[in-house]
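J.: From just these sequences and the hints, can you work out the full model?
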Amino acid sequence: DTEVTQTPKHLVMGMTNKKSLKCEQHMGHRAMYWYKQKAKKPPELMFVYSYEKLSINESVPSRFSPECPNSSLLNLHLHALQPEDSALYLCASSRRLAGGRGRRDTQYFGPGTRLTVL
Amino acid sequence: SQQGEEDPQALSIQEGENATMNCSYKTSINNLQWYRQNSGRGLVHLILIRSNEREKHSGRLRVTLDTSKKSSSLLITASRAADTASYFCATDAPGAGANSKLTFGKGITLSVRP
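These protein sequence lines are chains E and Z, in that order. The numbers in the first sequence follow the working numbering, run straight up by one, and end at 119. The numbers in the second sequence follow the working numbering, run straight up by one, and end at 1008.
Hints are computed from structural coordinates only; laboratory data are not their basis. Note that this is a predicted model, so its numbers are computed, not measured. Any given hint could be a false lead.
Said to hold, decoys possible - Distance windows between CB atoms, simulated:
id, chain 1, residue 1, chain 2, residue 2, range
1, Z, Gln903, E, Glu85, 22 to 32 Å
2, E, Ala40, Z, Asn912, 26 to 36 Å
3, Z, Ser952, E, Tyr52, 25 to 35 Å
4, Z, Pro988, E, Arg31, 18 to 28 Å
5, E, Leu119, Z, Pro988, 39 to 49 Å
6, Z, Asn912, E, His78, 44 to 54 Å
To be verified - Derived lysine to aspartate or glutamate pairs resembling EDC-like cross-links, with alpha carbons at most 20 Å apart:
id, chain 1, residue 1, chain 2, residue 2
7, E, Lys41, Z, Asp977
8, Z, Lys1000, E, Glu45
9, Z, Lys995, E, Glu53
10, E, Lys37, Z, Glu899
11, E, Lys41, Z, Glu899
12, Z, Lys995, E, Asp106
13, E, Lys37, E, Glu68
14, E, Lys37, E, Glu59
15, E, Lys39, Z, Glu899
16, Z, Lys995, E, Glu45
To be verified - Counterexamples of contact, computed for chain E against chain Z with all Cβ distances above 12 Å:
id, residue
17, Cys69
18, His80
19, Glu85
Note that the Cβ used here is the ideal one computed from N, Cα and C, for glycine as well.
T.: The structure is reproduced here in structure tokens:
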């Protein structure tokens, strides 16, 4: 199983709503990532978890709150978002964060959640 | 800021032709990876080339890496309509384990006409 799943596929929310994005993998990967991608732009890294601990936070606003309850699951909790936060949110996982001599394993991406903030 | 810059930004070719996409980067790297993304979907990893490698093949894909010029090229031979997608190069730069990360270029939109 080389699949990363994300739910929901589409989400529409108001600026006062609280919602969560979910990501799951069963490949035994110990590094998981959240990316944000705007239309016709490359993915931008938001958060990295390694062994269920937050490893990188790319200065993401606190209205985005990541959570890694176990090695297979990664959540992104959303609260008080702005319309400019509308984007495709991609989850990815890799076997580990950095292999020997700093080499990184391949990242496997989920299909993404298309988020629209009204 | 993006590490990789792909060239061209858009490419339109006829089915059966070869497609060549280039990527340039600025700092030293551990490896360089190419990903494909179909419209609005997740990224699919295509190929990884390490900094000590110069060329790598995978099926119809051929990747080259020139670390002296800080550039890479992705060649898709005998293109098919199904190859229509956006292609991103991504660089993995050296860094203290937790601080190393994959940085994506702006992407190339490839259209293969049937």
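J.: If a hint holds in the structure, say so; if it doesn't, say that too.
T.: Verification of the hints:
At about 24 Å, the CB distance of glutamine 903 of chain Z to glutamate 85 of chain E agrees with the hint of 22 to 32 Å. Against the hinted window of 26 to 36 Å, the Cβ-Cβ separation of alanine 40 of chain E and asparagine 912 of chain Z comes to about 29 Å, which satisfies the hint. For serine 952 of chain Z and tyrosine 52 of chain E, the Cβ-Cβ distance of about 30 Å falls inside the hinted range of 25 to 35 Å, so the restraint holds. Checked against the given bound of 18 to 28 Å, the beta carbons of proline 988 of chain Z and arginine 31 of chain E, roughly 21 Å apart, stay inside it.
Between leucine 119 of chain E and proline 988 of chain Z the C-beta distance comes to about 43 Å, which sits within the given range of 39 to 49 Å. Distance hint for asparagine 912 of chain Z and histidine 78 of chain E: a CB-CB separation of about 46 Å, consistent with the stated range 44 to 54 Å. For the hint linking lysine 41 of chain E to aspartate 977 of chain Z, the alpha-carbon distance of about 18 Å falls within 20 Å, and the restraint holds. For the proposed pair lysine 1000 of chain Z and glutamate 45 of chain E, the alpha carbon gap of about 10 Å is at most 20 Å, so the pair holds.
As the CA atoms of lysine 995 of chain Z and glutamate 53 of chain E are separated by approximately 17 Å, the hinted pair is consistent with the 20 Å bound. Annotation: proposed proximity of lysine 37 of chain E to glutamate 899 of chain Z holds, straight-line Cα distance about 19 Å (limit 20 Å). Using a Cα cut-off of 20 Å, the hinted pair lysine 41 of chain E and glutamate 899 of chain Z holds, with the two alpha carbons roughly 14 Å apart. Distance check on the hinted pair: lysine 995 of chain Z and aspartate 106 of chain E sit about 11 Å apart at the alpha-carbon level, within 20 Å; holds.
About 16 Å separates the Cα atoms of lysine 37 of chain E and glutamate 68 of chain E, which keeps this hinted pair within 20 Å; it holds. Taken as a hint, the lysine 37 of chain E and glutamate 59 of chain E pair is honoured in the structure, with Cα atoms around 11 Å apart against an allowance of 20 Å. Distance check on the hinted pair: lysine 39 of chain E and glutamate 899 of chain Z sit about 17 Å apart at the alpha-carbon level, within 20 Å; holds. A C-alpha spacing of about 11 Å is found between lysine 995 of chain Z and glutamate 45 of chain E, which places the hinted pair at or below 20 Å, so the restraint holds.
Every beta carbon of chain Z lies more than 12 Å from that of cysteine 69 of chain E, the smallest distance being close to 15 Å; the non-interface claim holds. With a least CB separation of 25 Å from chain Z, histidine 80 of chain E remains clear of the 12 Å interface cut-off, as annotated. A cut-off of 12 Å between C-beta atoms confirms that glutamate 85 of chain E is not in contact with chain Z; the least separation is 18 Å.
In the structure shown, no violation is registered for any of the earlier numbered hints.
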